[in-house]
Amino acid sequence: MQERRKKCVAMLLAGGQGSRLGVLTKHTAKPAVPFGGKYRIIDFPLSNCVNSGLDTVGIMTQYQPLELNDYIGNGRPWGLNRSFGGVHVLPPYAKSKKSEWYKGTANAIYQNIHFVDRYNPDYVIVLSGDHIYKMDYSKMLDYHKEKGSDCTIAVLDVPLEEASRFGIMNLNDDGSIYEFEEKPKQPKSTKASMGIYIFNWQILKQYLIEDEKNPSSSNDFGKDIIPKLLNDNKKLFAYLFEGYWKDVGTIESLWEANMDLLDPEIPVQLKDPDFRIYARNYAKPSSYISKDAVLENSFVSEGCVIKGTAKNSVISVGCEIEEGAVVENSVIMPNTVIKKGACVNYSIIGEDCVIEENASVGTDDKKISVIGHDKVVPSGAVVSGQEVKL
Amino acid sequence: MNSIGIIFSNIYDVAMGELTKRRTVASMPFGGRYRFIDFVLSNMANSSLTSVGIITKYNYQSLMDHLGSCSEWDLNRKNSGVYILPPFSTGFTNVYRGNLEALENALSFLNANKEKYVIMCDTTVICNINFEDVIENHKKSGADITVIAAPAQQGEQFTDSDLFVKCAGNKVTDISIGKLIDQSWLVGMGMFVIERKRLIQTIEDYVSRGRFSFERDYLQDEFNLGNLNLNVYKFEKTVLRNHSIKSYFENNFKLMDLTVRDEIFSKGAPIYTKVRDEAPSFYHKDSVIEGCIIADGCTMIGTAKDSIFFRDVHLKKGSLVKNSIVMQGAKIGKGASLEYVIVDKNVIIEDNVALKGSPEIPLIIPKGTIVS
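Each protein sequence line maps, in turn, to chains A and B.
Quick note, in the working numbering, the first sequence goes up one by one and the last residue is 390.
Quick note, in the working numbering, the second sequence goes up one by one and the last residue is 372.
Note that these hints are calculated values from the structure, not bench results.
Treat the hints loosely; a few may be bogus.
[Stated by the list, open to error] With a Cα cut of at most 27 Å, we get these calculated DSSO-like pairs of lysine-lysine: (1) Lys307(A) <-> Lys305(B); (2) Lys345(B) <-> Lys291(A); (3) Lys305(B) <-> Lys311(A); (4) Lys316(B) <-> Lys339(A); (5) Lys235(A) <-> Lys188(A); (6) Lys254(B) <-> Lys366(A); (7) Lys140(B) <-> Lys307(A); (8) Lys267(B) <-> Lys291(A); (9) Lys78(B) <-> Lys375(A); (10) Lys246(A) <-> Lys316(B); (11) Lys205(A) <-> Lys234(A); (12) Lys307(A) <-> Lys254(B); (13) Lys291(A) <-> Lys305(B); (14) Lys389(A) <-> Lys237(B); (15) Lys134(A) <-> Lys274(B); (16) Lys340(A) <-> Lys356(B); (17) Lys316(B) <-> Lys367(A); (18) Lys271(A) <-> Lys285(B); (19) Lys356(B) <-> Lys271(A); (20) Lys237(B) <-> Lys291(A); (21) Lys271(A) <-> Lys237(B); (22) Lys339(A) <-> Lys317(B); (23) Lys185(A) <-> Lys145(A); (24) Lys375(A) <-> Lys311(A); (25) Lys179(B) <-> Lys291(A); (26) Lys317(B) <-> Lys267(B); (27) Lys307(A) <-> Lys166(B).
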């Protein structure tokens with residue numbers, strides 16, 4: 001009898017604290033941070049999985065997991081509520097001999113070897129939960145098989161002047177990797193790692209077990225596993241991804257990625273019926289745009305009541321902009337109210353906030369101001385900066 | 001809760017004309033992202049009903065597609081949930097003539113359940129009602145049947161099948177069908193509470209004798225004979241009755257009144273619908289939007305005034321839409337202009353086409369039409 005198994009299992013690293021997102025990740029894991037009006041960051045890799053035909057996903061969480069667990073639920077919004085496979089949230093847990101947190105990206109998968117083995121896959125794809133991009137992983141998997149690769153790393157062509165900010169892959173003419181350099185001062189190539197790896201599971205498993213035995217290892221894919229594979233002359237290939245990709249690990253990049261949605265020149269197409277981004281839905285009515293509203297170059301999601309002005313902004317589900325309020329160049333996260341006469345410029349406003357009447361958030365100088373979740377900016381207050389004390 | 005729900009999906013099909021040619025009245029699009037049935041089904045789900053039968057007759061593919069497994073309403077239960085009840089057809093069966101006859105379809109569903117009460121509803125009356133309160137009220141009254149009713153609005157038009165009741169306190173003292181005697185009478189909302197066993201008995205006794213209308217043949221006749229004790233549950237919040245294309249057209253725009261919006265889309269009792277995973281709507285810098293309801297997934301470049309836009313509508317540059325309803329997936333071409341038009345699903349209005357209906361008789365463009 002044939003064994004019931006999966007060809008490829010996706011392992012999504014969602015345990016990072018995202019400390020560079022400051023107040024936005026104080027009580028929320030980075031992958032659960034709202035994005036693009038109705039999504040959360042994790043919707044992108046999860047929807048990519050579904051759109052690539054991957055139906056078995058393990059999500060490794062450890063930092064402030066409550067909201068993320070709640071958001072994922074049984075995976076139904078992504079069609080990942082399967083009786084065999086589907087989505088599984090994998091927090092670190094106490095074992096009979098010891099209990100520990102996830103020490104590094106490789107250790108997180110090491111601690112879940114049993115989970116992967118349940119599906120006895122040929123391949124494992126390792127993803128991270130903090131990038132905005134649309135990618136068909138099945139094409140990368142085809143490439144991996146075609147090259148007979150042991151490990152394939154997705155890379156992006158970046159401008160030479162930015163290459164020293166990334167992990168850079170130095171390639172042979174056939175696309176194989178001969179060297180990996182983390183943030184090189186003098187980059188030899190412009191192929192930057194996107195943090196997406198496909199491994200032959202048996203090889204990865206062997207390396208994870210060995211890596212765990214090495215007390216001096218930091219148990220990290222980029223720092224330990226990849227260099228070790230290269231050192232042992234395993235076959236590593238780079239898969240060139242062409243398209244939009246953005247790391248949203250900082251306030252500036254999170255803001256920029258939101259603004260990119262409004263730019264017709266930038267190819268992050270949320271509206272593609274053949275490659276939808278799925279998200280949990282909150283049963284809100286359609287938005288009401290009043291006679292006095294002014295909307296210019298903006299996204300407005302459902303459940304909003306707009307009576308004021310929004311320009312170059314992303315207004316999320318369930319927000320209200322009252323009469324005379326002006327929102328410009330900003331991201332308003334779900335269920336926030338901007339009261340009469342208030343103005344918001346170059347800012348990210350968290351979920352469930354109230355900007356009271358005639359208050360002002362942000363400045364004109366393009367430095368992004370941030371208000372954390374559940375905050376009230378008092379009437380008439382003038383605030384700006386990334387660490388607003390309220 | 002000790003009640004089950006019955007929903008009639010086809011009862012007022014005729015009144016909606018072209019719009020119900022390819023759908024049940026229950027699947028009529030409403031308010032940008034909803035179908036009629038979403039409201040009554042959400043009310044039932046929010047009132048802790050776990051077992052709901054939906055009686056269908058014909059054209060019910062779009063309804064089944066919309067409901068799916070009913071997981072959006074959390075009615076995809078292991079031991080109960082939603083049951084679609086199509087006619088049991090023998091090849092000689094006629095389509096049913098009234099709701100009692102329609103209920104014959106539901107006999108096995110009614111017999112299979114053990115709950116004490118049945119809440120029966122049409123889908124054309126839109127409101128946000130808690131049936132737990134209704135059941136409590138019914139129990140307290142000790143009556144045989146509770147009629148859910150609301151005051152008539154000034155100038156509201158009714159059909160000859162509408163039910164009106166005169167009451168003293170909670171007690172019904174007179175019944176009229178088809179005529180509102182005066183403004184002190186209440187208008188039935190097509191919603192009733194009855195004991196399950198009594199309903200089964202009534203269906204069996206009446207249908208075999210060729211009496212098929214619940215309101216006229218049973219409720220009114222038996223009440224006039226003094227055999228029924230009727231309680232009325234007076235519903236005081238917003239009620240939107242859709243018994244004609246005109247009232248349907250007007251009711252859509254009433255959702256722009258924020259009091260109506262808050263009462264229908266109550267925060268504590270949300271209205272659920274099928275999730276479509278559309279992106280947020282995009283408003284171009286050239287767009288002019290004044291007084292509109294707009295769902296997700298729209299691309300707005302033209303001008304829109306006092307109109308309703310369902311999901312995934314594309315309003316192209318230089319177009320003008322006024323006092324109209326534009327349903328899912330429609331494309332309005334460059335320089336096109338629409339006034340008092342109901343544009344059904346997936347219609348394409350080509351560039352520079354001008355269409356105009358009137359407030360009394362809006363122009364209906366049928367599903368999937370290309371207008372050039």
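Hints, one by one, checked against the model:
{"no.": "1", "hint": "Lys307(A) <-> Lys305(B)", "result": "holds, 14 Å"}
{"no.": "2", "hint": "Lys345(B) <-> Lys291(A)", "result": "holds, 26 Å"}
{"no.": "3", "hint": "Lys305(B) <-> Lys311(A)", "result": "holds, 19 Å"}
{"no.": "4", "hint": "Lys316(B) <-> Lys339(A)", "result": "violated, 32 Å"}
{"no.": "5", "hint": "Lys235(A) <-> Lys188(A)", "result": "holds, 20 Å"}
{"no.": "6", "hint": "Lys254(B) <-> Lys366(A)", "result": "violated, 41 Å"}
{"no.": "7", "hint": "Lys140(B) <-> Lys307(A)", "result": "violated, 45 Å"}
{"no.": "8", "hint": "Lys267(B) <-> Lys291(A)", "result": "holds, 24 Å"}
{"no.": "9", "hint": "Lys78(B) <-> Lys375(A)", "result": "violated, 41 Å"}
{"no.": "10", "hint": "Lys246(A) <-> Lys316(B)", "result": "violated, 30 Å"}
{"no.": "11", "hint": "Lys205(A) <-> Lys234(A)", "result": "holds, 14 Å"}
{"no.": "12", "hint": "Lys307(A) <-> Lys254(B)", "result": "holds, 17 Å"}
{"no.": "13", "hint": "Lys291(A) <-> Lys305(B)", "result": "holds, 8 Å"}
{"no.": "14", "hint": "Lys389(A) <-> Lys237(B)", "result": "violated, 42 Å"}
{"no.": "15", "hint": "Lys134(A) <-> Lys274(B)", "result": "holds, 24 Å"}
{"no.": "16", "hint": "Lys340(A) <-> Lys356(B)", "result": "violated, 37 Å"}
{"no.": "17", "hint": "Lys316(B) <-> Lys367(A)", "result": "violated, 35 Å"}
{"no.": "18", "hint": "Lys271(A) <-> Lys285(B)", "result": "holds, 18 Å"}
{"no.": "19", "hint": "Lys356(B) <-> Lys271(A)", "result": "violated, 31 Å"}
{"no.": "20", "hint": "Lys237(B) <-> Lys291(A)", "result": "holds, 26 Å"}
{"no.": "21", "hint": "Lys271(A) <-> Lys237(B)", "result": "violated, 38 Å"}
{"no.": "22", "hint": "Lys339(A) <-> Lys317(B)", "result": "violated, 31 Å"}
{"no.": "23", "hint": "Lys185(A) <-> Lys145(A)", "result": "violated, 33 Å"}
{"no.": "24", "hint": "Lys375(A) <-> Lys311(A)", "result": "holds, 23 Å"}
{"no.": "25", "hint": "Lys179(B) <-> Lys291(A)", "result": "violated, 38 Å"}
{"no.": "26", "hint": "Lys317(B) <-> Lys267(B)", "result": "violated, 36 Å"}
{"no.": "27", "hint": "Lys307(A) <-> Lys166(B)", "result": "violated, 43 Å"}
This entry does not satisfy hints 4, 6, 7, 9, 10, 14, 16, 17, 19, 21, 22, 23, 25, 26 and 27, going by the numbered hints stated previously.
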